[in-house]
Amino acid sequence: MNRFDYERATDVAQAVGLADRAMANAAESVAPARFLAGGTNLVDLMKEDVECPHTLIDVNRLPLRAIEELPDGGLRLGALATNAETADHPLVRARYPVLSSAILSGATRQLRNAATNGGNLNQRTRCCYFYDTATPCNKRTPGAGCGAIGGFTRMHAILGASAYCVATNPSDMAVALAVLDARVRVTGPQGERTIPLLDYHRLPGDQPWRDNNLGAAELVTAVDLPPGDFSAHYTYLKLRDRLSYAFALVSVAVVLARDDAGRCTDVRIALGGVAHKPWRVLDAEALLRANAPDRALFEQVAARMLDGAVGLGDNDFKIELARRAIVRALEQAASGRPQSHTDKRLA
Amino acid sequence: MDTSTVSSRGADPGALPVTLEVNGAALSLTVAPYVTLLDLLRERLQLTGTKKGCDHGQCGACTVLVDGKPINSCLKLAVTADGARVTTIEGLGTDGRGGALQRAFIEHDAFQCGYCTPGQVCSAAALVAEGVAFTYDEVREYMSGNLCRCGAYPNITDAVMDVLRQQPGPDT
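Residue numbers (this note's numbering), protein chains in the order written: chain U, 1 to 347; chain X, 1 to 172.
Chain U on its own, in the form it takes in the complex (with noise of 0.2 angstroms):
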């Protein structure tokens, strides 16, 4: 781990001046400063000298802890709220359980005690190439070429990827956030601003070492939900190699909702563990609303969501495993059965 400058911020404008200060004048692809909180996953990426910050501000002291209630009737998770306390929280069991099912089935208690809502919106791939810094990573080292194109692809994206980088968003509690069109409050040297969850994730493009439209010193400070009760319809399915603490091959969340007839009124879809960021496609969700649930509809929604996938030799097996993990996802959602996330045999 490289020798870095430590500063312990007590809010969240010296957090941000800070950041500031230490971000002028940097090129645009490294970050000589970054925020920690948890530590998780940059503390990790530092020992591997992949992160290797020149100052670290501290911002757990930040009063940025509290799950609550908002005016509207939606609910604000701080970003300092740990994974696991977000996960656990009564009001997100009620209404919006498929963030906590997508939560619990992430890494580990160990991790999800520590880990952050803010963190675990701004961690970084697990792509292995990003990992190694004896290949090259276009992430890593601008430039530098992508180890991943013509190397081991198992956990690699299927869609949205590009000539540059073809790594994949890591993060289960994304997906569950991107069907509740959650919104990410993020506060930076302009003031504060608020991010659609699906605008925050990027696809790699020709600058893959942005993961996120975040701004250089920029600072997430919450993650609201709209208002709402997702209990009644929803899951999230999580196929990975094994049944426990992996990363997802592929992840569906659902949440839906049915009138008395037994018609979709809503119905929203996101795969995780494709692509670098969360996956929804709104035409394919608009071929369910309106219509009663069934299984052919379903694989209709899952080919549109799949329109323009492309293997890369190793992964070419999720195109298939999506198709399939979405016509299933929606038929638990459907029959108001959500995949547990202790008990492994598929719901």
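Careful, some of the hints might be misleading.
Only some residues are given here: those of chain X computed to face chain U with a beta carbon under 8 angstroms [unchecked claim]: (1) T19; (2) N23; (3) D55; (4) G57; (5) T63.
None of these hints come from the bench; they were simulated from the model. The beta carbon of each residue, even a glycine, is placed where N, CA and C say it ideally should be.
Since the structure of chain U is provided, determine the placement of chain X on it from the hints.
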């Protein structure tokens, strides 16, 4: 705390003041910012019951309780634990013959080499205290962050289930 006293600058940064309660003892230390809680426990405090396995948060050998919750001490910079209450394996079962979990691990032969055992017991202690897992499947899921290269999982799970059965259930 006055932030002017808790910043550290330079290529070889000076140590920062850190106050910790470790296994019931209040400690005031100075710690360099790059030192992990794991290294602080083992190298400075000589609490070598906590093990360094992978040092990357993957194996769980370094599991300790911070404010009662299990975390990977290898991924926590010690300066970020300032003010925390830390419990290591040395702080569990202080009656000199081990607590109920430690006795259950022995009874069920829940280890072979024993390297993962301190982390397993710390995770299990939190599981029992938090009352979040009751079935075999739930115990396995809750403890999936503690790897056992010897493959003693069936006996580890049996040991934890044994202690859980002695606890009041969720509805009692």
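Hint check results:
{"no.": "1", "hint": "T19", "verdict": "13 angstroms, violated"}
{"no.": "2", "hint": "N23", "verdict": "19 angstroms, violated"}
{"no.": "3", "hint": "D55", "verdict": "7 angstroms, holds"}
{"no.": "4", "hint": "G57", "verdict": "6 angstroms, holds"}
{"no.": "5", "hint": "T63", "verdict": "6 angstroms, holds"}
Hints 1 and 2, counting from the list given before, are not met by this structure.
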